[in-house]
Amino acid sequence: MMKELERFLLVLTENVDRNARQVLGEGNLKTHKASIIPLDRIPELLGGAEKLVVNVYMRILGEFTGSILLIFSKESALSLLEFIDKGKGRVITVKEISEIESISRTLAGAYLDTIASLMKKRIFLSPPASSFDMANSVVDYVMINFAQETDKVFCIENEIECNEFKINFFTFLVHDSRSLDMIKEAMGQAI
Amino acid sequence: MSKLVKVGIADMRVAKSPDVLISYGLGSCIGISLYDARSKIGGLAHILLPKIENTKNKENPRKFADSSIKLMIKEMVARGAERARLVAKIAGGAHMFSLSNHIASYVGDRNIEAVKTTLRDEGIPLIAEDTGGNMGRTMRLETETGNVIIKTLIKGDLERSVSYLVTEPKPSNSLRIFSDVLSNDVKGLCFTRMPMEHFSSRLDLSKVRLYWLSRHSKSENSIHPKDLPKMLLMVKQFSKENENGIIFLEGIDYLIFQNGYKSIIKFIQALNDQVMFSNSRMIVSLSEGIVEKQELAMLEREMKVIVNDAVVYRI
Numbered sequence: 001m002m003k004e005l006e007r008f009l010l011v012l013t014e015n016v017d018r019n020a021r022q023v024l025g026e027g028n029l030k031t032h033k034a035s036i037i038p039l040d041r042i043p044e045l046l047g048g049a050e051k052l053v054v055n056v057y058m059r060i061l062g063e064f065t066g067s068i069l070l071i072f073s074k075e076s077a078l079s080l081l082e083f084i085d086k087g088k089g090r091v092i093t094v095k096e097i098s099e100i101e102s103i104s105r106t107l108a109g110a111y112l113d114t115i116a117s118l119m120k121k122r123i124f125l126s127p128p129a130s131s132f133d134m135a136n137s138v139v140d141y142v143m144i145n146f147a148q149e150t151d152k153v154f155c156i157e158n159e160i161e162c163n164e165f166k167i168n169f170f171t172f173l174v175h176d177s178r179s180l181d182m183i184k185e186a187m188g189q190a191i
Numbered sequence: 001m002s003k004l005v006k007v008g009i010a011d012m013r014v015a016k017s018p019d020v021l022i023s024y025g026l027g028s029c030i031g032i033s034l035y036d037a038r039s040k041i042g043g044l045a046h047i048l049l050p051k052i053e054n055t056k057n058k059e060n061p062r063k064f065a066d067s068s069i070k071l072m073i074k075e076m077v078a079r080g081a082e083r084a085r086l087v088a089k090i091a092g093g094a095h096m097f098s099l100s101n102h103i104a105s106y107v108g109d110r111n112i113e114a115v116k117t118t119l120r121d122e123g124i125p126l127i128a129e130d131t132g133g134n135m136g137r138t139m140r141l142e143t144e145t146g147n148v149i150i151k152t153l154i155k156g157d158l159e160r161s162v163s164y165l166v167t168e169p170k171p172s173n174s175l176r177i178f179s180d181v182l183s184n185d186v187k188g189l190c191f192t193r194m195p196m197e198h199f200s201s202r203l204d205l206s207k208v209r210l211y212w213l214s215r216h217s218k219s220e221n222s223i224h225p226k227d228l229p230k231m232l233l234m235v236k237q238f239s240k241e242n243e244n245g246i247i248f249l250e251g252i253d254y255l256i257f258q259n260g261y262k263s264i265i266k267f268i269q270a271l272n273d274q275v276m277f278s279n280s281r282m283i284v285s286l287s288e289g290i291v292e293k294q295e296l297a298m299l300e301r302e303m304k305v306i307v308n309d310a311v312v313y314r315i
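Protein sequences, first through last, are from chains A and B. 1 is the number of the first residue of the first sequence in this note's numbering; add one for each residue after it. 1 is the number of the first residue of the second sequence in this note's numbering; add one for each residue after it.
For the record, the hints were derived by calculation from the structure and aren't laboratory data. Note that beta-carbon positions come from the ideal geometry of N, C-alpha and C, so glycine has one too. Don't take every hint at face value.
[Stated by the list, open to error] Residues from chain A shown here face chain B by an in silico Cβ test under 8 angstroms; the list is partial:
1) G89
2) S131
3) V138
[Claimed, not checked] Straight-line C-alpha distance at most 30 angstroms; calculated DSSO-like pairs for lysine-lysine:
4) B:K3 <-> B:K304
5) A:K152 <-> B:K51
6) A:K51 <-> B:K3
7) A:K74 <-> B:K170
8) B:K262 <-> A:K51
9) B:K51 <-> B:K40
10) B:K40 <-> A:K74
11) A:K95 <-> B:K3
12) B:K16 <-> A:K95
13) B:K116 <-> B:K51
14) B:K218 <-> A:K51
15) B:K151 <-> A:K51
16) A:K74 <-> A:K3
17) A:K95 <-> B:K51
18) A:K3 <-> B:K187
19) B:K40 <-> B:K70
20) A:K152 <-> B:K6
21) B:K187 <-> A:K95
22) A:K152 <-> B:K58
23) B:K207 <-> A:K152
24) B:K16 <-> A:K51
25) A:K152 <-> B:K293
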């Protein structure tokens, strides 16, 4: 089972960079490290349970279902706002959160296109919802939704690189049990 | 020496004085503390879902409100606590995202309800709660005193109708937070002893009415330190005119020197009353060591305390 999931992750990250290039314009999206991790390791990866993070959450709907979370540290979120020319400060207001939601939806779209073509399924994203708070409060939200279906998530470390900007963020893909079977089937055929 | 006992997600721990139980970053989950003041035995649970009976996977009873509370009572009694003396405090159950039609958008409320029902069924009085809202909370139970301390992070704005106390050597952290709140399209009213020039590089002065505390200045932007009723009236007026304002009070040591200690404590309390009945918030910057321990404790009971980038308060 793990073999199929790891293969899925590998193919996903190989292709997502190309799709992201089309949506980012002059910036490059690099995927540095991809792994399958237990849900409760997320806060540690983000820098600790009380680390302040911006989390943009979207549901994957259609023939393949799950959720996608893009998580930025406060510092990365501020760099992202500067990168898209939407502010240069130290405070993230409601208006700025909405800008981050918007670019996150674009970035998530690159993942979605890749998944759709890999799985040969018709899928789409829900409107984004966001929170700006402690890393652990993000995890308990994910656990409430998915703890009965899975205790693991796909974790991808990303970097947007453009001129002097280097913006790091995490993408977490959470699948439900039906989608897990689909991945297994699709990757099993590919191996 | 006290030991810090961490309580993870879907976990429950029991400890005895002087140990401290802590659960980090409660979102929609609930933190439940039970405490017996005589034996100084406490328990803390971090529950994820309302009821064990509604689920297929019953492997971890610490995950659910009902089963976790029952288990906690059992463990506390086994360690020497008296069941009849147990009291409960709860925190969490926030709406972290504004999503409709999604399980976690209402599970926080269902968790709160399940916790209250179980406590009622078990005959344990709920003596304090800090639930709902949209912020993550760290919950800490000190078994020596039974105090439950909540910590939330400052994200640029401050909760309305609340006063905040910042004890600091110089008014730098408080001024930074005041400035951050102003950047959310908020108007400010500031009473200070610092020279006006100090603010020009730190604040958007178009958003702030600044008044300098001075006995001698005749400027329209100055106010006599003994004119406490006028300041109180200005705060009242400002809160009325600005639905969403912030008040910053600095120079407490100077005000104490001019008015005496007790008058200023009463003055801060009166300002706090004004804020509580309005939509404004207030930051009071206090120099370290200027107020006696007993009075500081009293102010801390009335106001929320800011430590670095977090708000800390007792429930």
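Hint by hint, here is what the structure shows:
1. G89: holds (7 angstroms)
2. S131: holds (5 angstroms)
3. V138: With Cβ-Cβ at 7 angstroms, under 8 angstroms, it holds.
4. B:K3 <-> B:K304: Judged against 30 angstroms, a Cα distance of about 26 angstroms means the pair holds.
5. A:K152 <-> B:K51: The hint holds at about 23 angstroms.
6. A:K51 <-> B:K3: Since the Cα atoms of A:K51 and B:K3 sit roughly 23 angstroms apart, the hinted pair holds (cutoff 30 angstroms).
7. A:K74 <-> B:K170: holds (26 angstroms)
8. B:K262 <-> A:K51: violated (40 angstroms)
9. B:K51 <-> B:K40: Holds, at about 29 angstroms.
10. B:K40 <-> A:K74: Violated, because 39 angstroms separates the two Cα atoms, which is more than 30 angstroms.
11. A:K95 <-> B:K3: violated (42 angstroms)
12. B:K16 <-> A:K95: Not satisfied, since the Cα-Cα distance of roughly 47 angstroms exceeds 30 angstroms.
13. B:K116 <-> B:K51: The given pair, whose Cα atoms are some 12 angstroms apart, holds under the 30 angstroms limit.
14. B:K218 <-> A:K51: violated (48 angstroms)
15. B:K151 <-> A:K51: Since the Cα atoms of B:K151 and A:K51 sit roughly 13 angstroms apart, the hinted pair holds (cutoff 30 angstroms).
16. A:K74 <-> A:K3: Violated - the C-alpha atoms of A:K3 and A:K74 are around 35 angstroms apart, more than 30 angstroms.
17. A:K95 <-> B:K51: violated (38 angstroms)
18. A:K3 <-> B:K187: violated (58 angstroms)
19. B:K40 <-> B:K70: holds (19 angstroms)
20. A:K152 <-> B:K6: Holds, at about 22 angstroms.
21. B:K187 <-> A:K95: Holds - the C-alpha atoms of A:K95 and B:K187 are around 17 angstroms apart, at most 30 angstroms.
22. A:K152 <-> B:K58: OK: A:K152 and B:K58 at ~19 angstroms, within 30 angstroms.
23. B:K207 <-> A:K152: violated (48 angstroms)
24. B:K16 <-> A:K51: Cα-Cα ~29 angstroms, so holds.
25. A:K152 <-> B:K293: violated (49 angstroms)
In the structure shown, a violation is registered for the earlier hints numbered 8, 10, 11, 12, 14, 16, 17, 18, 23, 25, in ascending order.
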